[in-house]
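K.L.:
Model the full assembly from the supplied sequences, consistent with the hints where possible.
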Amino acid sequence: MTSIVKPPVRHPSLRTNALGLTLRDYEGVMSTLCAGCGHDSVTAALVQAAWELELEPHRAAKMSGIGCSSKTTAYFMKQSHGFNSVHGRMPSVTTGAAAANRGLTYIGISGDGDSLSIGLGQMCHAIRRNVDMLYVIENNGVYGLTKGQFSASADVGSTSKRGEANEQAPIDPVLLALSIGATFVARSFSGDKKQLVPILKAGLSHKGLALVDVISPCVTFNDHDGSTKSYKYTRDHEVEAVEADYVPVHLEITLPERAAPSDGGGELHVVPMHDGSAVRLRATAAGYDPTDRASAYAHVRACQARGEVATGLLFIDPASRDMHDQLRTTAAPLVDLPFESLCPGAAALDALMKRHR
Amino acid sequence: MKPTDVDDPRYYHKVVDCQWACPAHTNVPAYIRLIAQGRYTESYLLNRQSNVFPGVLGRTCDRPCEPACRRGRVDEKPVAICRLKRVASDLRDDIRPFLPTAPEEKNGKRVALVGAGPASLTVANDLLPLGYSVTIFEKNTEPGGLMRINIPSFRLPASVLDEECGYIIDMGAEMRYGTPVTSLKALLDEGFDAVFVGSGAPKGKELDIPGRHDDPAHVHIGIEWLANVHFRHVEKIEPRVVIIGVGNTAMDCCRTAKRLGATDVKVVARRGRKHFKASPWELEDAVEEQVEIVENRSPRRMIVEGGRLTGMEFDVLEWSEDASGRQSSRVVRTEIVPCDAVILAIGQENNFPWIERDIGVEFDAHGMPVVDRVTHRSTHPRVFFGGDAAWGPQNIIWAVAHGHQAAISIDLACQGRPVTDRPPEGMTLVSVKNGLHSWAYDNDFDPSARQVMRHEELTRRFQALNVEVELGFSPEQVATEVSRCLNCDIQTHFTPKRCIECDACIDVCPTNCLTITTNHSPEAELRQRLSAPAVNLSQEIYLSEPLPQTTRVMVKDEDVCLHCGLCAERCPTAAWDMRLFDLLKPVAGAACGQPELVNA
Chain A
3 MTSIVKPPVR
13 HPSLRTNALG
23 LTLRDYEGVM
33 STLCAGCGHD
43 SVTAALVQAA
53 WELELEPHRA
63 AKMSGIGCSS
73 KTTAYFMKQS
83 HGFNSVHGRM
93 PSVTTGAAAA
103 NRGLTYIGIS
113 GDGDSLSIGL
123 GQMCHAIRRN
133 VDMLYVIENN
143 GVYGLTKGQF
153 SASADVGSTS
163 KRGEANEQAP
173 IDPVLLALSI
183 GATFVARSFS
193 GDKKQLVPIL
203 KAGLSHKGLA
213 LVDVISPCVT
223 FNDHDGSTKS
233 YKYTRDHEVE
243 AVEADYVPVH
253 LEITLPERAA
263 PSDGGGELHV
273 VPMHDGSAVR
283 LRATAAGYDP
293 TDRASAYAHV
303 RACQARGEVA
313 TGLLFIDPAS
323 RDMHDQLRTT
333 AAPLVDLPFE
343 SLCPGAAALD
353 ALMKRHR
Chain B
840 MKPTDVDDPR
850 YYHKVVDCQW
860 ACPAHTNVPA
870 YIRLIAQGRY
880 TESYLLNRQS
890 NVFPGVLGRT
900 CDRPCEPACR
910 RGRVDEKPVA
920 ICRLKRVASD
930 LRDDIRPFLP
940 TAPEEKNGKR
950 VALVGAGPAS
960 LTVANDLLPL
970 GYSVTIFEKN
980 TEPGGLMRIN
990 IPSFRLPASV
1000 LDEECGYIID
1010 MGAEMRYGTP
1020 VTSLKALLDE
1030 GFDAVFVGSG
1040 APKGKELDIP
1050 GRHDDPAHVH
1060 IGIEWLANVH
1070 FRHVEKIEPR
1080 VVIIGVGNTA
1090 MDCCRTAKRL
1100 GATDVKVVAR
1110 RGRKHFKASP
1120 WELEDAVEEQ
1130 VEIVENRSPR
1140 RMIVEGGRLT
1150 GMEFDVLEWS
1160 EDASGRQSSR
1170 VVRTEIVPCD
1180 AVILAIGQEN
1190 NFPWIERDIG
1200 VEFDAHGMPV
1210 VDRVTHRSTH
1220 PRVFFGGDAA
1230 WGPQNIIWAV
1240 AHGHQAAISI
1250 DLACQGRPVT
1260 DRPPEGMTLV
1270 SVKNGLHSWA
1280 YDNDFDPSAR
1290 QVMRHEELTR
1300 RFQALNVEVE
1310 LGFSPEQVAT
1320 EVSRCLNCDI
1330 QTHFTPKRCI
1340 ECDACIDVCP
1350 TNCLTITTNH
1360 SPEAELRQRL
1370 SAPAVNLSQE
1380 IYLSEPLPQT
1390 TRVMVKDEDV
1400 CLHCGLCAER
1410 CPTAAWDMRL
1420 FDLLKPVAGA
1430 ACGQPELVNA
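Chains A and B supply the protein sequences, listed in that same order.
Numbered per the numbering used here, the first sequence spans residues 3 to 359.
Numbered per the numbering used here, the second sequence spans residues 840 to 1439.
Each hint should be verified, as a subset may be incorrect.
[What the hints assert, rightly or not] Listed below are the simulated PhoX-like cross-link pairs for lysine-lysine, each with C-alpha atoms no more than 25 Å apart in a straight line:
1. B:Lys1042 with B:Lys1024
2. A:Lys234 with B:Lys916
3. B:Lys1042 with B:Lys1075
4. A:Lys196 with A:Lys209
5. B:Lys978 with B:Lys916
6. B:Lys948 with B:Lys916
7. B:Lys1075 with B:Lys1044
8. B:Lys1042 with B:Lys978
9. B:Lys1113 with B:Lys916
10. A:Lys196 with B:Lys1336
11. A:Lys149 with A:Lys163
12. A:Lys163 with B:Lys1336
13. B:Lys1113 with A:Lys8
14. A:Lys73 with A:Lys196
15. B:Lys916 with A:Lys8
No lab work stands behind these hints: they were computed from the structure.
P.N.:
Here you go:
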């Protein structure tokens, strides 16, 4: 929360993108989340990513459900479309929206409560359908809006603010998504925008569902010594499994400037995206291939066993086919179709019905 | 780069751009807040601690604070600091009960002040309450110096000046009016413990061109002419007047000429507009009064026919700049401007015929006394200089600043201490947090534009010489203008050990001032890799001690910080706090050489 609205004044040297927009133009209304909430940093990373991608605000739709995380769609891209749905139903609503209008960029924001409890089934089926969307889970392991109960992502042994330990096994959205065919799976940390922004950009450019699990600490209820999703714990246990770098369409792909990691490091993978851009990936562990599902799954599990949190763009399927490819739908958004094609009349319906008799 | 030491008062002082730029370090944001609260008397008194003449300076100051104002870097125009000062002065109640008084019992030390201008009066203001016996020698019959005789009354009403000089003189200065000092030696021989020379730069510069002395009745020296107008020796001028020079004296001359009957007034400048010495607002006021400003003309000769001035001939110049930025001119043609009178306003000089050269006061090759820049002491241990007399013409606020410093020196000298033993600056830094997201100042940004000063109608302002042109701000204008101040004295204070590096402050900062980064490169390089490059090198960057979780550092570019407090509102651990900075300025007698008292 803040007592005032962010002053309209901006830094005199703030640059504009190709659309003539500054970073500030991608902001939304002032956040009403707690001071220091990780979600606000994710919001800032989304603003940065959308500005850098030169996303047209009126060609984007922000989708959310219920929870602290789901409030954040109000805090960026105030000129975009949005739908704040029922708890856990964001994936289904987005599936419908994407089916009707494939021309928009869908940004779904959810949390560990919204996606891993009440909306778990919804999420799984959106992943199976490979809906063309960015799916961000702002994951803090706790129900912040209802005063700090454990969520489905809380680790065994982690404690609540008052000291009780969690005894139920967590649902890891990354492992779950890998196991049910997700084509883009990443994990990042709200406190590391250097990593998060390129992942979000790659996710926005991915054809299909791009799942980004962001550890986003709850500064009020889950940033204490017994927490495994605090700023400090995440910093101490985060291991960047894959370095990702997003290369826009108009830039030539060159080798990354970042030096290869000291612990051996894997080979460089350049993954072309459907819009002509590319993602450069370099695994930090030898033998790990981020375009191989089994390898990614094994690596994340191995990290987990060592008490590490694997981050980075962990898996990407370069041959991803999204919902429209699978269903062989019309290429144009329904809104662009003439009425006669969209609603061909009773005779056409009869003909269709006949085929199924 | 080393972590910033914010315990040094200079760091936060520099953040308060207006106060840093003001020679007398007036606490501008604090007095603007007092105006906003309608506490005009307190605002006036706070002003007076530093600049002594808020009413005079609220109308005439050269305003070094305004070009420095941070608002000018984030918005089009700075806060109208100077005219807000006038508001405090115009609307105050009687302040006499709150003024310091001189003790009945004197300390036995006698100080002579030469000239009753702003520098001397400031010295008197600082020394009288300490028990010094102060005698002021003034050649005219009224106090004020150039404030009275050279600044026209349509800019500065005499009543304002009388009142503010009176506050000081009535503390018990012995005034010797009509008493020009003709010998410094004689003055020293009278047994004064110290002599302060604040006699200004009273001599107008000459222009030696052909014809200059052929019709002396119609060629005037600017400041002498203004003085003659003040004393009513001159009550009219011919219709066509040419003013040579384009400083503030030229502006006063041309506007005065318009009031004494001139109809066609031209101000002629050697160079182009961006090199003019006059303050932009004084130029605007002159232009509003239909004075013509003529650029790139160099005087060639005065044309006198039959003993009567009929015009002036000028070289028309064309200026060019070489690669190193040096300007050079060439004459394109010549031009004759017909006129009936000429006023020379090309500068002022010092004049010390009354100081004997063999009494220990050294002079340099230019005829200027050798004066220490810090202590204001000449090479004679009992003689001090300040104001225009010290280093040539500046403006009133500089004279006041000199007066304060000289008073410190005189006090030290009279108490037998070395004048270099100067009291240090101190500061207080107090949190303005009232509660959750509640601050003891209005942190909401007001996007209003700078208010335009209301002026007397053109037809009415020429009816008499003393019709004040500026009418002051209306109450609505005051309310708007005070809210434009960014409260730069309310500092963003950082406590590194509390930071959890959540990035909240960085994300919320509207002007990209903050960065968390590694501290591995020199400052010049660091400035380039911040959230927004810190390109304004005149502004400091703050660098914290290493942060607890990652040992990275918090960096803040002070340049365009709005002091909106959002970093502190979004900080979950109160690592950022908004704190009111108050600079404790050394003054004569206050804990001289005792820093612990200054810092108390």
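K.L.:
Any hints from earlier that this structure breaks? Give me their numbers in increasing order, please.
P.N.:
2, 5, 6 and 13
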